[in-house]
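Visitor: Okay, so the sequence shown: first residue is 31 according to the numbering used here, each after it adds one.
Hints were generated in silico from the structure; no laboratory data involved.
Some hints could be false.
[Unchecked claim] Label pairs and their computed distance ranges (CB to CB): (1) Ala61 to Val39: 41 to 47 angstroms; (2) Thr33 to Ala55: 53 to 59 angstroms; (3) Ala65 to Asp37: 41 to 47 angstroms; (4) Ala79 to Thr33: 18 to 24 angstroms; (5) Thr33 to Gly72: 48 to 54 angstroms; (6) Ala34 to Gly72: 34 to 40 angstroms; (7) Leu89 to Val36: 25 to 31 angstroms; (8) Met91 to Ile35: 35 to 41 angstroms.
Don't be surprised by glycine CBs; every beta carbon is placed ideally from N, CA and C.
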Amino acid sequence: PGTAIVDAVGPNTDGVNFAVDSVTADNVINASEAAGNVTITGILKNIPADAATQPLQLLLMG
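Could you build all of it, start to finish, from the sequences and the hints given here?
Guide: In structure tokens form, the structure reads like this:
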């Protein structure tokens with residue numbers, strides 16, 4: 031038999047900050063741009079070591 035360690039408490043992400051770079055020249059995605067791929071880039075800061083493999087999900091509404 032083996033042993034396993036289970037972390038039942040998620041990482042503390044209170045100090046995490048995500049700054050999004052400009053998306054387009056005017057920072058508005060128009061119909062022409064929306065017809066293709068739009069890349070979202072930015073900087074994610076203050077990630078706890080135990081959250082390094084957690085997914086980042088963006089919800090965009092417009």
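Visitor: Hint by hint, say whether it matches the structure.
Guide: How the hints compare with the structure:
no.	hint	verdict
1	Ala61 to Val39: 41 to 47 angstroms	holds, 45 angstroms
2	Thr33 to Ala55: 53 to 59 angstroms	holds, 56 angstroms
3	Ala65 to Asp37: 41 to 47 angstroms	holds, 43 angstroms
4	Ala79 to Thr33: 18 to 24 angstroms	holds, 22 angstroms
5	Thr33 to Gly72: 48 to 54 angstroms	violated, 40 angstroms
6	Ala34 to Gly72: 34 to 40 angstroms	holds, 35 angstroms
7	Leu89 to Val36: 25 to 31 angstroms	holds, 29 angstroms
8	Met91 to Ile35: 35 to 41 angstroms	holds, 39 angstroms
Consistency with the previously given hints fails for number 5 only.
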